[in-house]
Amino acid sequence: MSRPRTFRSEAIVLKRINFGEADRLLTLYSREFGKLKAVAKGARKPQSRKTGHVDLFMRTQFLLARGKGIPIITQAEMVEGYPALRDNLMQMTYASYMAELVDKFTVEDDPNRPLYQLLSDGLGWCVLGDQLPLATRFYELHLLSLTGFQPQFFRCTGCNEPIQERDQFFNAELGGVLCPTCYAKGKNGRSLSSTALKVLRYLQSHEWDMVKGLHLKRPLQTELERIMQHYLTYILEHNLKSVSFLRRLRHENTRF
Amino acid sequence: MATAVLPQPVQNLINELARLPGIGPKSAARLTFFLLRDGSNQALELADALRDLKERTRFCSVCFNITENDPCQICDDDERDQELLCVVEEPLDMLALERSRAYNGRYHILHGAISPVEGIGPEDLKVDELIHRVQNGSFRELILATNPTLEGESTALYLKRILAGNDIRITGLARGLSVGGDLEYTDEITLGRALDGRSDL
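Protein chains in written order, with my numbering: chain A, 2 to 257; chain B, 5 to 205.
It should be emphasised that the hints constitute simulated quantities derived from the structure, not laboratory data.
Even for Gly, the Cβ is constructed at its ideal location relative to N, Cα and C.
Each hint should be verified, as a subset may be incorrect.
[Unchecked claim] Derived DSSO-like pairs: lysine-lysine, alpha-carbon spacing no greater than 27 Å straight-line:
| hint | chain 1 | residue 1 | chain 2 | residue 2 |
| --- | --- | --- | --- | --- |
| 1 | A | K16 | A | K38 |
| 2 | A | K69 | B | K30 |
| 3 | B | K130 | A | K46 |
| 4 | B | K30 | A | K42 |
| 5 | A | K69 | A | K16 |
| 6 | A | K16 | B | K130 |
| 7 | A | K242 | B | K58 |
[What the hints assert, rightly or not] If you want the footprint, here are the derived chain A segments under chain B, 3+ residues with CB under 8 Å:
| hint | segment |
| --- | --- |
| 8 | 77-86 |
| 9 | 98-109 |
| 10 | 238-249 |
Can you make the complete structure from the sequences, with help from the hints?
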């Protein structure tokens, strides 16, 4: 049976590049179809009906037409534009990071509704802007779980024994915590404080509504960020582009 | 293999043309044979134009526009308002503003916009040069005319933050409805900003 020529989906714009005379090639993460590329014809012209509905990170209802090549957007109506991201550089950069993670951890035509929901929620947390580092760690952990890379925080990845409440180690290659005994036997690992491990477990196993009340001290935030960055970089085998800008911005923030 | 039958100069041009964006091997071959068969001097004129493009153009050392003479025509023009500086992303944006004939100040071209997703930061743009220019110039107003996209607006926010405190008025272009447009099809963000920026009639 042939697929219908037009299809409809709500999607978030992850990336977009200029294409042809006045078109844009969008990378979308859609609720129904997962990641897909689509062309927005004429979207760089101000007169285009699509222009204001297909900017980065907008959540938009799309009607697409399937042709021989990349689908073409025939209608677009913004559902949520997250306007606050346009007024705050830091919030915009966190949103960029969240979108980049989804782009890097997914392949085209692989629907994942919970991941779509997480991205949509994540952008909403960026708009609120009050718990950005915590929201980002929560987002990373749940994204890893939804894409099959959930780190193991409850049992040692070396000996499979339950983890005791004390300082531990984290081994990215094994994908989780390593107990001090296995570490002493010569396995690699980065030190992980018992408090950080507790927070990671809590974030991984609870909903955002339960988590958002947590207040973490700066050194703990830094430790969590380092561990997560280490693990994400290990899986992706390269650094994320938005991270360096985020670091620069935070560094400059201390000057302004 | 085509390389075995075609003379080397023909194959060379096909290869070079095929490296251009939007041109595949078939189009490259078609263009090459068009130039080969053409009786007039079109091919040589094209070759001259290409050579001039690389040999006779450079960046203006003041505004970073593409120019034949350094400083460029606009930077060298004393008739223009020397205290007004308009910051744009690309040379073509400057051209669009010039076409409007509504602006008579000077320009600064960033050659891009900040985009964390693409890994483009301020260090990849002519931002340090802009800071230097503002600090050492006598501008009364800085118009941030970056594109009304998320990247363009983020760039404007960033510039506003690092240039504030230089005793200079920093403005941005109005956001609103395009001439000949239709309210019904306008997105909420544009409409909201058009309402915010409404003016007395």
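Here's how the hints hold up against the structure:
{"no.": "1", "hint": "K16(A) x K38(A)", "verdict": "holds, 9 Å"}
{"no.": "2", "hint": "K69(A) x K30(B)", "verdict": "holds, 19 Å"}
{"no.": "3", "hint": "K130(B) x K46(A)", "verdict": "holds, 26 Å"}
{"no.": "4", "hint": "K30(B) x K42(A)", "verdict": "holds, 25 Å"}
{"no.": "5", "hint": "K69(A) x K16(A)", "verdict": "holds, 22 Å"}
{"no.": "6", "hint": "K16(A) x K130(B)", "verdict": "holds, 23 Å"}
{"no.": "7", "hint": "K242(A) x K58(B)", "verdict": "violated, 32 Å"}
{"no.": "8", "hint": "77-86", "verdict": "holds (count 4)"}
{"no.": "9", "hint": "98-109", "verdict": "holds (count 4)"}
{"no.": "10", "hint": "238-249", "verdict": "holds (count 6)"}
Against the hints set out earlier in the document, a violation occurs for number 7 only.
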